[in-house]
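*Asks:* Take the two lone chains, each set in its own frame, and fit them into one complex as the hints suggest.
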Amino acid sequence: MKYIDEFRDGALAKNIAANIAREADPQRRYHLMEFCGGHTHAISRYGIADLLPANVRMIHGPGCPVCVLPAGRVENAVQLVQMPGLILCCYGDMLRVPAANGMSLLKAKARGADVRMVYSSADAVKIAQENPQRQVVFFAIGFETTTPPTAVAIRQAQALGLKNFTVFCNHVLTPSAISHILQSPEIRQLGVLTLDGFIGPAHVSTVIGSRPYEYFAEEFQKPVVIAGFEPLDVMQAILMLVRQLNEGRAEVENEFSRAVTRDGNVKAQQLVAEVFELRRVFEWRGLGLIPYSALRIKAQYADYDTELRFDIPALSIADNKACKCGAILRGVKRPQDCKLFGTVCTPDNPMGSCMVSSEGACAAYYSYGRFREAA
Amino acid sequence: MSTIKPNYTRPLDFKHGRVDMTHGSGGRAMAQLIDELFVAAFDNEFLRQMNDQARFPAPQGRMVMSTDSHVVSPLFFPGGDIGCLSVHGTINDVAMSGARPLYLSAGFILEEGFPLADLKRIIESMAQASRDAGVPVITGDTKVVEQGKGDGVFITTTGIGVVPEGVNISGERARPGDKILVSGMLGDHGVAVMSLRENLTFHTSIQSDTAALHGLVADMVAAVPDIHVLRDPTRGGLATTLNEIARQSAVGMMLHENQLPIREQVKAACEFLGLDPLYVANEGKLAAICAPEDAERLLQVMRAHPLGRDAAIVGEVIEDSHCFVQMETAFGGRRVVDWLTGEQLPRIC
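Each protein sequence line maps, in turn, to chains A and B.
Counting in my numbering, the first sequence runs without a single skipped number right up to 1604 at its last residue.
Counting in my numbering, the second sequence runs without a single skipped number right up to 357 at its last residue.
Calculated from the structure, these hints are not laboratory results.
Since this is a predicted model, take the numbers as computed values, not measurements.
Honestly, I wouldn't trust all of these hints.
For lysine-lysine, the following PhoX-like pairs were computed, each having C-alpha atoms within a straight-line distance of at most 20 angstroms [to be verified]:
(1) B/275 x A/1231
(2) A/1550 x A/1568
(3) A/1338 x B/157
So here's chain B without its partners, still in its complex pose (with noise of 0.2 angstroms):
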């Protein structure tokens, strides 16, 4: 009797293996990697299709697309990975148009040598994070880099979603005596990152807060439809995205130091590290801005959802030909919050 099985090939091995050229090269190594890791652990009717294109039915109404590339380093940091990651940050751009995402594509680059078992890590807490959020993976590619020409693993995903009927919400909308709301504690993310970067390394219990917030945008929309702007707070930090919208709309703003949620740990590292908690960056966070009116209620809603417990009205829309950002500081002056200059943190997300 033959010990041979047919049709027999040994299956990667995800405890010591590495990826290789070959891993990319469209060969039979290629198609493994996908079979066993991709397939496996993103599995959906789409990608069950095994075409180079994911067929799906196009929902009525007005869709949105948007495309994000994650490089992140470490690509493990207290609170998520580069998977997550760059599930939570695409689902997030889309559903900053106020809509309901629906399907993420995913590229990766992989550099030789990258360890299977890290990939392995990576892409399951990916799958993980895509079925949480209900938004499937349904295609796919995968590159092999040689050795350093890359840094581990690199991760564009692009999503798309249909848009609420008579919900309008965009950067041009904000208007002078609108109110500006965040969804919770600024900052967290950044600081988890810095806290294991090899020239900083201290020791924080912060965690990154990277999460989907469609489930909060849902919500939100639905009580009050006509939300002016939602933004999430990411790369540049709450200054960042605020200084954006306000160019956008030709408007200013005024904050007020007192309102805004940062928790001490994150205000404590910034102060070490001579950071300011406004430019470091959130990856589970949203800015909101409304109609006065709608404000207490919107606040309300958000308080209400998980995601959004630690929600503040932390300023107001007001004229400015000048479109400056400003700040009530605590201390009792003003100032500008201004853009960011520089760099302040590379390779947060």
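Looking at chain A on its own, in the form it has when it is part of the complex (with noise of 0.2 angstroms):
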């Protein structure tokens, strides 16, 4: 395939493994977190952890937007589908997750449920416009990257004088979950964890480019590096991580510059700007409330708010207690330091969020790193 085999290339990893175990100074350890669930997949599926030192280790961050979506907001979906005549269209990750009494979207579905699996919020639009008598909702979730699509849809829908098409806003921030991340107690007080530098998102970096990131490198000293999710992007961005630590840097630098810009993609940015605006509070699956870190739709779109128009209760349910999900999610403990972890919770029956999408930590890890342990 053009243009994505040549960021796969076997031979060029090889040499950019050489230099990195050639560089990594064997007297430090290097604790890198890729925030994105997307690079988290990749040094899955590629094998990438085979390629590094011991003494770089990659520490898996909270960017699956499907992980920490909160089993209350889910629980919503299962009641709202529930209404007789309603269609509720999602992402395909979204089915299988968890909400309250072992319920999901895909047993609401075998119960006699409308839930349609959508690759694109236009399909959700197209789907409205195909059943003008019944109510649409879109379970519209993720970060930056998807938020852009869910604001052409609101504006799509509101063209074409749709009365029946309405918007479950999830969308949340980046910036937000990794300051949240910094500023924990584990990192900032107790030093439990030593977080020495970041691989900065991917597809997020197109829309908000490279200069968000700016604040934490100068605030927080630690160096980022935006990478692509293909493999040899994650191996060129450990190097340049690596570079930076070894020179005492903390910088924001550009792997993925043939994507990313310093000011991202402006005309997404104002289009999300016109449609939503910042929620107060949050709830993060495993991080708990983060003020400011999620959007909703704005007052003049209020006909296109799910939560406006049916009654939405705020809806807070607790993960099982011996779910480590939490302290996974901020880097504090690996997958395989949970109890649950492989046992009673798996991807065909996930208990915590990160088990729940091939792009959370727990699932990456049980479907393609598993033979580590056990070797």
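*Replies:* Rendered as structure tokens:
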């Protein structure tokens, strides 16, 4: 595949691996967090951990939108779809996310609810057009990457004069989550976890640009390298982080320069700003309440807001007590440190959020990395 | 002179007609559907007996039997349809024991309102597949369900066959050191069917690989009678098939990503849809496991057959108490190729 295979070249990978091994100082440790689920997936799927020296450790961050969506919001969707005639459209990986009482959208579907898997927000608008007698709800989730398409869908629905289309908005913001992790007691005060640097998001950064990370690099003195989702991108970013750390620098560097600029996609940003505004506070699964970390639909688009059209109660559903997702999402624990991991909590029967999506730290480790434990 | 023809029945309207409840009622309408469509298409000496069962001579030796229901959506897809698929699917399940498939039975569940033109197309495709394979459909059954209670047509086929003397192919016979072979390009069927799904619709030149593999198997068994395992990687793809065998044989496996035969278009479609070709269905491919000393000969025999042209050795069986299927990635790392979680794509066959 042109433009893909170039970034999966095994010979080049060996080259970069050799550079990392040569340049990484054996006297120190490099704890690098990849924020995005996309990077976690690439690291697991291509076996990147096998190519790194023992003192370069990757810590999986909370950047999987399915994983951080609190069970209460999923339960809201499960309850909503019980409404006669209502069609709920969602991205495929939302279907299996557990809500309350062992329910999920997939199970609700099996009991007769009309849940449709869509690949894009535009498909949801199309379904609303085709079913004018029925209420159609788009279950919008994701970071800055999926937010602009949701804004487009709302604008489209308005232009088409659709009266039966609303959006259940759960869009969250990457910079707030990174701040939250860096300000967590484990890192700031307790010193339990040392985070030496970040691999910055790929697709999110194409929208928001590299500028928002400059604050973290400066304030927390942590280097950030924005990287693409292909395995060579990740390898190159690791090398760039090792170099920054060796040289005592804490800067924002852009490995993904083929797609990311400093300012990002200004048009998409304007669109988002027109349709959405900040929520005062939003719950993240595993991380708790984070102020100003999510978006809601502005008053001028209130007609398209599911939360205003229907009665959506604020639900807070606690995860299983033994579940370590919160600590895993903050990088304090590893999947294999959790008692539930691989026993009662598996991708087929996920208990916690990190096991739900293939981009979640636990699921990626379970599906691709277990042999390391076994060996 | 009378214009009334004696014993005249107006033939079924295969152009505009539709299945209705009488076609499954056991009455005259059903008899007519059977005569004009099923018997006409599948015509053979056993079916012509017109009994509720087919009587046939039993061959010597060990017999195998397999059954498979087909619910693919859409019913017609690039490279095939539910008709030929239902013949190939069961022939292949029988053939994966090393057997020569002999006879098929077919059960149809039709939905009221289903166009007779589509049904005719499906039955003719099925009959063609059966003739090409030399495996006749010798008995069958038809039921009709009310509109909304089915999805056009579901087909269940059962096949029986006979295993040659000295052949003992079974899922628990994989041994550490054995080689793993596949007969050709992986993932074609799944991608072809997916390309027509209403919520996807992308254009591709990929055709389903649906095919009857018993001819290929016969050549393989003749050359290497001691093949340890054969299985066709249908739903869940090669990954699922190898995990099943690993568990049955209590072994591990190591695949080599850069040796897996996968078309560029299939790779691209999977990349685009976030799927892994190892988990995408095939309908005309097989995986074979044999002793290392037999592998090269088996590979040559497979490549000499039209359905095995792109055959390749893709990995080895290893010792592993965890029964992990692993893969050396083309990138130079290693990963587990796990059981399929959830459903990658429903109703693929």
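*Asks:* Hint by hint, say whether it matches the structure.
*Replies:* Evaluated hints:
Between residue 275 of chain B and residue 1231 of chain A, the direct Cα distance comes to roughly 11 angstroms. Compliance with the 20 angstroms bound is thereby established for this hinted pair. The suggested pairing of residue 1550 of chain A with residue 1568 of chain A holds, with an alpha-carbon distance near 11 angstroms, which does not exceed 20 angstroms. Using a Cα cut-off of 20 angstroms, the hinted pair residue 1338 of chain A and residue 157 of chain B holds, with the two alpha carbons roughly 17 angstroms apart.
Going down the numbered hints, you'll see the structure goes against none, and every one checks out.
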